[in-house]
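Here's the letter readout for the chains.
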Amino acid sequence: AQSVTQLDSQVPVFEEAPVELRCNYSSSVSVYLFWYVQYPNQGLQLLLKYLSGSTLVKGINGFEAEFNKSQTSFHLRKPSVHISDTAEYFCAVTPRDDKIIFGKGTRLHILP
Amino acid sequence: DAGITQSPRHKVTETGTPVTLRCHQTENHRYMYWYRQDPGHGLRLIHYSYGVKDTDKGEVSDGYSVSRSKTEDFLLTLESATSSQTSVYFCAISAPPGGRENIQYFGAGTRLSVL
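Going down the list, the sequences are from chains A and B.
In terms of the numbering used here, the first sequence opens at residue 1 and continues consecutively.
In terms of the numbering used here, the second sequence opens at residue 1001 and continues consecutively.
Simulated from the structure, these hints should not be mistaken for lab results.
Hints may contain errors.
[Said to hold, decoys possible] 25 Å max Cα-Cα, derived SDA-like pairs, lysine to any residue:
| # | chain 1 | residue 1 | chain 2 | residue 2 |
| --- | --- | --- | --- | --- |
| 1 | A | LYS69 | B | ILE1103 |
| 2 | A | LYS104 | A | PRO40 |
| 3 | A | LYS104 | B | GLY1058 |
| 4 | A | LYS99 | B | ALA1095 |
| 5 | A | LYS49 | B | GLU1027 |
| 6 | B | LYS1057 | B | VAL1088 |
| 7 | A | LYS99 | B | VAL1060 |
| 8 | A | LYS99 | B | VAL1052 |
| 9 | A | LYS58 | B | TYR1105 |
| 10 | A | LYS104 | B | HIS1010 |
| 11 | A | LYS99 | B | ARG1044 |
| 12 | B | LYS1057 | A | PRO95 |
| 13 | A | LYS99 | B | TYR1031 |
| 14 | A | LYS104 | B | THR1082 |
| 15 | B | LYS1057 | A | ALA1 |
| 16 | A | LYS69 | A | TYR50 |
| 17 | A | LYS104 | A | GLU66 |
| 18 | B | LYS1057 | B | ALA1095 |
| 19 | A | LYS99 | B | ASP1062 |
| 20 | B | LYS1057 | A | SER3 |
| 21 | A | LYS99 | B | HIS1041 |
| 22 | A | LYS99 | B | GLU1072 |
Turn these sequences into a full structure, and let the hints steer you where they fit.
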């Protein structure tokens, strides 16, 4: 069975500082990997995805993530956060022929 | 929200009453999903549909039923609402799993309070 672990439930970071949100997954088969973002009182929207190819994936709003197969990780990073990045971030994994599985989310708090 | 409309957006009801939430899509996607979101639990799949009249259970299906009589509509029913079903409910749609576009698109959510 597949699973997704987001290691931090909340991450506080000062504005303009870098941030990394951690995600590890377990799977016995090849998977697709995603990060979704949920702004307050909204639904989830896709931030970026890894399907194949380059392990460094760039998404919207300056975010990027790196797929590390040996460590089964897909950490999300941004070099300089803005107050508008305040949101909850969800890592997700899907085996290539099955339903998506979400992590429990990481709340990103931007401190002024 | 990728052509997905959830209604109502907010609802307050009493324990024991039936409640139906509606998800409507204009994208003609075959797969539709209902999730609930609760603090500390992330998103949990309730039911999903892979075509008209084709549905299956997710991990937290007890107390919920679904119906899909048209491609564009997916209904979630709480036959007799309980306080434990107070939550935010999200509908999502996707192309069939396995394709390179196996991405889910979400509605804006329905906030349900059962008193």
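Results for each hint:
This hinted pair checks out: LYS69/A and ILE1103/B have alpha carbons roughly 21 Å apart, not beyond 25 Å. Distance check on the hinted pair: LYS104/A and PRO40/A sit about 16 Å apart at the alpha-carbon level, within 25 Å; holds. For the suggested pair LYS104/A and GLY1058/B, the alpha carbons sit about 16 Å apart, so the restraint of at most 25 Å is met. For the hint linking LYS99/A to ALA1095/B, the alpha-carbon distance of about 11 Å falls within 25 Å, and the restraint holds.
Straight-line distance between C-alpha atoms of LYS49/A and GLU1027/B comes to about 21 Å, which keeps the hinted pair within the 25 Å bound. Proposed proximity of LYS1057/B and VAL1088/B is supported: the alpha carbons are some 18 Å apart, at most 25 Å. Proximity of LYS99/A to VAL1060/B is assessed by CA-CA distance (about 15 Å); at most 25 Å being required, the pair is judged to hold. Restraint check for LYS99/A and VAL1052/B: the C-alpha separation of about 18 Å stays at or below 25 Å, so the hint holds.
For the hint linking LYS58/A to TYR1105/B, the alpha-carbon distance of about 19 Å falls within 25 Å, and the restraint holds. In summary, the hint linking LYS104/A to HIS1010/B is supported, as the alpha carbons are separated by about 23 Å, within the 25 Å threshold. For the hint linking LYS99/A to ARG1044/B, the alpha-carbon distance of about 12 Å falls within 25 Å, and the restraint holds. Taking the CA atoms of LYS1057/B and PRO95/A, the gap is near 18 Å; set against the 25 Å cutoff, the hint holds.
Distance restraint check for LYS99/A and TYR1031/B: the Cα-Cα separation of roughly 10 Å lies within the 25 Å cut-off, and the hinted pair is therefore satisfied. For the proposed pair LYS104/A and THR1082/B, the alpha carbon gap of about 23 Å is at most 25 Å, so the pair holds. Distance check on the hinted pair: LYS1057/B and ALA1/A sit about 17 Å apart at the alpha-carbon level, within 25 Å; holds. Distance restraint check for LYS69/A and TYR50/A: the Cα-Cα separation of roughly 12 Å lies within the 25 Å cut-off, and the hinted pair is therefore satisfied.
For the hint pairing LYS104/A with GLU66/A, the CA-to-CA distance comes to about 20 Å; that is within 25 Å, so the pair holds. For the suggested pair LYS1057/B and ALA1095/B, the alpha carbons sit about 18 Å apart, so the restraint of at most 25 Å is met. The suggested pairing of LYS99/A with ASP1062/B holds, with an alpha-carbon distance near 19 Å, which does not exceed 25 Å. Between the alpha carbons of LYS1057/B and SER3/A the distance comes to roughly 18 Å, so the proposed pair stays at or under 25 Å and holds.
Using a Cα cut-off of 25 Å, the hinted pair LYS99/A and HIS1041/B holds, with the two alpha carbons roughly 18 Å apart. Proposed proximity of LYS99/A and GLU1072/B is supported: the alpha carbons are some 20 Å apart, at most 25 Å.
Figure legend: structure checked against the earlier numbered hints; every hint is met.
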